[in-house]
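Please model the complete structure; the sequences and the hints are all you need to start from.
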Amino acid sequence: MAEPKKYDTPLLDELEKGAFPSFVTEIKRMAARKPMAADLLGQLEKSYRDKIGYWKHGGLVGVMGYGGGVIGRYSAKADEFPEVSHFHTIRVNQPSGWFYNTEKLRLLCDIWDNHGSGLTNMHGSTGDIVFLGTRTEELEPIFSELTQGGWDLGGSGSCMRTPSCCVGPGRCEWALYDTLAVTYQLTMDFQDEMHRPPFPYKFKFKMAGCPNDCVASIARADMSIIGTWRDAIQVDAAALKSEYIDKGTDIQSDVVEMCPTRCMKFDGETLDIDNANCTKCMHCINVLHHALAPGKDRGACILVGSKAPIVEGALLSSVIVPFVKLDTPKEGEDPYPELMELIEKMWDFWGENGKNRERIGEMIQRIGLGNFLEEIEVDPIPEMIVHPRTNPYIFFEEYFEDDDEAETE
Amino acid sequence: MPVFEFDGHQIDVDEDGFIQNPDVWNDDVAAALAKTEGVDDLTEDHWKLVRYLRDYYLQFGIAPMIRKLCKATGFSLKTVYELFPSGPAKGACKVAGLPKPTGCV
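Keeping their order, the protein sequence lines are chains B and Z. The first sequence begins at 1 in the working numbering and counts up one residue at a time. The second sequence begins at 410 in the working numbering and counts up one residue at a time.
Rather than coming from a laboratory, the hints here were simulated on the basis of the structure. All residues carry an ideal CB built from backbone N, CA and C; glycine is no exception.
Result set (DMTMM-like, lysine to aspartate or glutamate): computed pairs, CA atoms no more than 25 Å apart in a straight line:
no., chain 1, residue 1, chain 2, residue 2
1, B, K56, Z, E414
2, Z, K477, B, E352
3, B, K51, B, E80
Derived coverage of chain Z by chain B (criterion: at least 3 residues anywhere in the stretch with Cβ under 8 Å from a Cβ of chain B; other residues may be distant):
no., stretch
4, 421-434
5, 474-480
6, 492-503
These stretches of chain B come out as covered by chain Z in the derived footprint (C-beta under 8 Å, 3 or more residues):
no., stretch
7, 189-198
8, 345-358
Dropping the structure here:
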């Protein structure tokens, strides 16, 4: 292998100054022994200097049997930076909740050291393990070593993207359903949809265990599945006194007055919660976590349609199903029947009616939520709102007709 | 510019092996390109898919969406991948002599 080339990188060096970790430092470390990483630095510095990106648009590479998982990338300055003439990205399906053991991490790093630039992104915004930079002829050997080690590629293109979730019950007391189990189930049930792109555009699932939504599923998943409860917040009066009141927490200003719906009262001793008006923001539970806990009747809220601002503007997900039980299936039971049925119906309708490169949220905006609900056979209800406490945006035809007739009479 | 060679012919292709000038495509080119995508013999089903893509491209200037392709040919997505293991975009479109699809198929 050729010796790594040295480049002067005054502009990139600026990014190493300051208190935060820098990707430049990481690439430099790898550039000391990897020519590919060295040329990456060289090309990036040139891009910064010339204010032009030097990656060509849209490579198309892959492995046999799969229609995604590898993103092709070629340098437009291959003569100047030959080591990055090919610089393909590989997505590797991450384990649910990003739990590994070191043996598996070492395997990943060894594969990538042998066949790629050695640079990884743990994790990309899709949740996947991202391998940055390799050549076309290395793809099949990488794929083969990954699958032998129990790994698989993730999704790319117009497919179901690698489902991802928060750490859930693996490490968090607030998990209101088993996000890891649902993520695993979706991944296994929809292998075809992940590896062989069948949709008008990408489709992302993100599973959040509670309304704190640590994976930001409400902002970046076509289907956001967020844990919630439908009974009363549990209050441990003794812990409230010993952990907060006695220790001088200002419950009135830190909790009661921060409640978005003002659904609680505090008289200096007891916290009185009007649960019917709670919008499950989690603020009181987060602050008084020794004393409060979500209710016991737990499940998830299913929201649909968020996306980042590519093509059309950014959207947040909005409620389609306010509450569904997502208990982990016992042996012999069909897993999550209501959820699976909803997914199939939505995909069917979107596949038939979505335009090329139209996300499901954009299609719903185009045709109207009312029409969408009718097609997926879900009844409109007042909980289907963009924000808590706003008017529902369903067009209730029966009311409209009544009004209309009244006016003409 | 990379060059694809077969039977003494030379054709300009891009880095991924897609032909640059769709007009130079013919059945022999298709058969030769197919070998680069793991398809040694083009059967009747292969040709049905290739000709559909080709006709669609000549009519509309782009590749069809995958659902449309499956409906029009009657092949399931699974069958498409059995015919062209590298997939409809990388495999079938390349063999059909389309320029590289950008996010279609």
